[in-house]
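Asks: Top to bottom, those sequences are chains A and B.
Just so it is clear: in the first sequence, position 99 is 99 by my numbering, and no numbers are missing.
In my numbering, each number is its position in the second sequence, counted from 1, plus 243.
Any given hint could be a false lead.
[Claimed, not checked] Lysine-lysine pairs mimicking DSSO-like chemistry, simulated, CA-CA at most 30 angstroms apart:
#1 B:K352 - B:K446
#2 B:K245 - A:K103
#3 B:K521 - A:K208
#4 B:K245 - A:K196
#5 A:K217 - B:K352
#6 B:K250 - A:K196
#7 A:K217 - B:K245
#8 A:K196 - B:K465
#9 A:K196 - B:K592
#10 B:K447 - A:K103
#11 A:K196 - B:K444
#12 A:K217 - B:K475
#13 A:K29 - B:K465
#14 A:K24 - A:K37
#15 A:K13 - A:K25
#16 B:K363 - A:K217
#17 B:K465 - A:K25
#18 A:K217 - B:K364
#19 A:K208 - B:K592
#20 B:K475 - A:K196
#21 B:K521 - A:K103
#22 B:K475 - A:K154
#23 B:K245 - B:K352
#24 B:K250 - A:K103
#25 A:K208 - A:K146
#26 B:K446 - A:K196
#27 B:K355 - B:K250
#28 A:K13 - B:K465
#29 A:K208 - B:K475
#30 A:K29 - A:K146
#31 B:K447 - B:K521
#32 B:K364 - B:K444
#33 B:K465 - A:K208
#34 B:K447 - A:K208
#35 B:K465 - A:K21
#36 A:K24 - B:K446
Just so you know, the hints here were simulated from the structure itself, not pulled from any lab data.
So the chains spell out like this:
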Amino acid sequence: MYKFTVLIIEDEKNIQTFMNKILKKHEYKILCADSGKEGLSLVRSQCPDIILLDLGLPDMDGSTIIETVRTWSSIPIIVISARSTEREKVAALDLGADDYITKPFGTSELLARIRTSLRHSNRLLTNDSLYIRPYQCGGLILDFSKRLLSIDGKEVHLTPIEYKIVAFLAQNSGKVMTYATILSSIWGPFADDDNKILRVNMANIRRKLESDAAQPKYIFTEVGVGYRMKEDEYEAPGNIPAE
Amino acid sequence: MKKNLIKNLSVTLLCLAVSTALSFLFFHLGNKHSVNIALFYILALIIIALNTDGYIYGITASFFCVAAVNTFFTYPFFKMDFTLDGYPVTFLGMLTIAIITCTITTMLKQQKTTLDEREKKLAEAEKERIRANLLRAVSHDLRTPLTSIIGSSASYMEDYENLTESERLELLSNINEDANWLLNIVENLLTVTRIHNNSGKVKKSPEVVEEVVSEAIARTRKRCPELMISVKMPEAPLTIPMDATLIEQVLINLLENAFVHSHSREPIELIIENYEDKVSFTIRDYGIGIDKSQLPFIFTGTYHDNRGDSYRGRGIGLSICHTIITAHSGTISAGNHENGAEFTFILFKEKGDE
Numbered sequence: 001m002y003k004f005t006v007l008i009i010e011d012e013k014n015i016q017t018f019m020n021k022i023l024k025k026h027e028y029k030i031l032c033a034d035s036g037k038e039g040l041s042l043v044r045s046q047c048p049d050i051i052l053l054d055l056g057l058p059d060m061d062g063s064t065i066i067e068t069v070r071t072w073s074s075i076p077i078i079v080i081s082a083r084s085t086e087r088e089k090v091a092a093l094d095l096g097a098d099d100y101i102t103k104p105f106g107t108s109e110l111l112a113r114i115r116t117s118l119r120h121s122n123r124l125l126t127n128d129s130l131y132i133r134p135y136q137c138g139g140l141i142l143d144f145s146k147r148l149l150s151i152d153g154k155e156v157h158l159t160p161i162e163y164k165i166v167a168f169l170a171q172n173s174g175k176v177m178t179y180a181t182i183l184s185s186i187w188g189p190f191a192d193d194d195n196k197i198l199r200v201n202m203a204n205i206r207r208k209l210e211s212d213a214a215q216p217k218y219i220f221t222e223v224g225v226g227y228r229m230k231e232d233e234y235e236a237p238g239n240i241p242a243e
Numbered sequence: 244m245k246k247n248l249i250k251n252l253s254v255t256l257l258c259l260a261v262s263t264a265l266s267f268l269f270f271h272l273g274n275k276h277s278v279n280i281a282l283f284y285i286l287a288l289i290i291i292a293l294n295t296d297g298y299i300y301g302i303t304a305s306f307f308c309v310a311a312v313n314t315f316f317t318y319p320f321f322k323m324d325f326t327l328d329g330y331p332v333t334f335l336g337m338l339t340i341a342i343i344t345c346t347i348t349t350m351l352k353q354q355k356t357t358l359d360e361r362e363k364k365l366a367e368a369e370k371e372r373i374r375a376n377l378l379r380a381v382s383h384d385l386r387t388p389l390t391s392i393i394g395s396s397a398s399y400m401e402d403y404e405n406l407t408e409s410e411r412l413e414l415l416s417n418i419n420e421d422a423n424w425l426l427n428i429v430e431n432l433l434t435v436t437r438i439h440n441n442s443g444k445v446k447k448s449p450e451v452v453e454e455v456v457s458e459a460i461a462r463t464r465k466r467c468p469e470l471m472i473s474v475k476m477p478e479a480p481l482t483i484p485m486d487a488t489l490i491e492q493v494l495i496n497l498l499e500n501a502f503v504h505s506h507s508r509e510p511i512e513l514i515i516e517n518y519e520d521k522v523s524f525t526i527r528d529y530g531i532g533i534d535k536s537q538l539p540f541i542f543t544g545t546y547h548d549n550r551g552d553s554y555r556g557r558g559i560g561l562s563i564c565h566t567i568i569t570a571h572s573g574t575i576s577a578g579n580h581e582n583g584a585e586f587t588f589i590l591f592k593e594k595g596d597e
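Assemble the whole structure, with the sequences as input and the hints as a guide.
Replies: This is the structure in structure tokens:
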């Protein structure tokens, strides 16, 4: 059986050991690097399937690694970061990281993030576009070909912009999308930096999709970073949903 | 300094010019008594002394006044004449008035600056005291779970063979629980570092309330999976200026408190109300309420419930809530309602007093 290779770039030995143990148990092949330099050379020589990257490395800035890797590869990168630094997270995501996970994290969270990122990268490779199949999560079904959104069988009317936003989040379900990414993909590259218009639209979407705006079921806010739509359940019926 | 000089000079000149002009007017309207004219100048002198720094302006002005009265308004007109009867008395009177007024105002001003300084020092001492209190509470709250973690892990390693499976599990789950508690404290402390950098204020940006609330609930639920909350808020989306991370921390602390300390599994209520200039957040639980005798100390970091809550007190969490809300120029209060405890904090829509 082919095992996915996970590269862990993390300078803290204890955390490395703990992730190593968990991932090994879940049938991943593990590579470890203590420094950015070592990490980069392992990426070049081993071509791992996914990279777990701690931003606070002793020898180089984590974002340099993301930039370097992105010049020649689209290997999914999950950034591991401390909590109080949204700006750092956003910068890493906008540089090309796929997702982030906040220290301290639980094992199930880590595994779910890895699964999501691997699935998204596989989809790219196999050309298996999500456009063909609807997105489904709980009672919510989004049919991309008919541009139709329904909850519990009832059609929900969205404005064209709202539909675009929901569709974009659904196509990237399970991953956090930064304000900047959403803005440029919906309003184009010259969109205003001000994310007010996005927030207004999100507030309207929330009122149409969620029964309780303060305890959403489908689209979650990551304050200061962006939005995350719940993992698509349609294509992974056997898996435990993220979070 | 230069600005002061200009201000003092202009005050002096203006007052003298105005009083001279008034005197001339008065004089030409037919009142030829130099005593009345002198009154104008005395008034001008007092005003000058009150509004300038130091003695020099007042004294110079008094010389001018004496000269002006002498030259313009006493016979012979437009000529200095120091041989008039009683002249030295007028002169001395004006000089005395100027000096006395100057002395009094200077003294007042000096007193004011000393008072201001004392107040500043007091405020700093207060800040220092709060910090010291917080540190004391923190080190106490950190030491207890650490002791338990070190003890449990040590006995696990030393006694490994003698322990039964369930005993091992118990030790490990204790370690896990205490580590999570430590994390809770550390996260709270981290948020405070976002405030105390410079002015004791926070960097605010407009945030959508429901987004902050929903993330806070999700985070709290991670730690307390059985948490039940019913949220009541206005239908229209609300935006208020705040530091979202900090307000989230306040909500998490209050929700977790309500969950852990109410000793009740009734759903917690989170009520958000929109007013013209402010938004209020109320967290209401249906549990045992707060010990009345502790209410005044609840936000000081020294709160310890005597009813069986051990170190997992509300101590740091609440004092940090207080710090955060104060830094937002908002208010926070605690109290009991009929069937439990209730915490309310208010954030203002305007930028407040910044």
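Asks: Next step is simple, just say for each hint if it's right about the structure.
Replies: Comparing the hints with the structure gives:
1. B:K352 - B:K446: violated, 36 angstroms
2. B:K245 - A:K103: violated, 56 angstroms
3. B:K521 - A:K208: Distance of about 27 angstroms is within 30 angstroms: holds.
4. B:K245 - A:K196: Not OK: K245 (chain B) and K196 (chain A) at ~47 angstroms, beyond 30 angstroms, violated.
5. A:K217 - B:K352: violated, 64 angstroms
6. B:K250 - A:K196: violated, 47 angstroms
7. A:K217 - B:K245: violated, 65 angstroms
8. A:K196 - B:K465: Within the cut-off at roughly 29 angstroms; holds.
9. A:K196 - B:K592: Cα-Cα ~17 angstroms, so holds.
10. B:K447 - A:K103: Holds, at about 25 angstroms.
11. A:K196 - B:K444: holds, 24 angstroms
12. A:K217 - B:K475: holds, 17 angstroms
13. A:K29 - B:K465: Holds. K29 (chain A) to K465 (chain B) sits at ~29 angstroms (cutoff 30 angstroms).
14. A:K24 - A:K37: holds, 24 angstroms
15. A:K13 - A:K25: Answer holds: K13 (chain A) to K25 (chain A) is near 18 angstroms, not above 30 angstroms.
16. B:K363 - A:K217: At roughly 51 angstroms apart (the allowed maximum being 30 angstroms), K217 (chain A) and K363 (chain B) break the hint.
17. B:K465 - A:K25: Holds, because 24 angstroms separates the two Cα atoms, which is no more than 30 angstroms.
18. A:K217 - B:K364: violated, 52 angstroms
19. A:K208 - B:K592: holds, 26 angstroms
20. B:K475 - A:K196: Distance ~24 angstroms between K475 (chain B) and K196 (chain A) Cα, so the pair holds.
21. B:K521 - A:K103: violated, 34 angstroms
22. B:K475 - A:K154: Roughly 25 angstroms between the alpha carbons, so the hint for K475 (chain B) and K154 (chain A) holds.
23. B:K245 - B:K352: holds, 19 angstroms
24. B:K250 - A:K103: violated, 59 angstroms
25. A:K208 - A:K146: Cα-Cα ~19 angstroms, so holds.
26. B:K446 - A:K196: Satisfied, since the Cα-Cα distance of roughly 18 angstroms is no more than 30 angstroms.
27. B:K355 - B:K250: This hinted pair holds, its Cα atoms lying about 20 angstroms apart.
28. A:K13 - B:K465: Judged against 30 angstroms, a Cα distance of about 26 angstroms means the pair holds.
29. A:K208 - B:K475: Given that 30 angstroms is the threshold and the Cα spacing comes to 17 angstroms, the pair holds.
30. A:K29 - A:K146: Roughly 41 angstroms separates the two Cα atoms, so the pair is violated.
31. B:K447 - B:K521: holds, 15 angstroms
32. B:K364 - B:K444: holds, 19 angstroms
33. B:K465 - A:K208: The given pair, whose Cα atoms are some 26 angstroms apart, holds under the 30 angstroms limit.
34. B:K447 - A:K208: Answer holds: K447 (chain B) to K208 (chain A) is near 29 angstroms, not above 30 angstroms.
35. B:K465 - A:K21: holds, 23 angstroms
36. A:K24 - B:K446: Distance of about 43 angstroms is beyond 30 angstroms: violated.
Of the hints listed earlier, those the structure fails to meet are numbers 1, 2, 4, 5, 6, 7, 16, 18, 21, 24, 30 and 36, in rising order.
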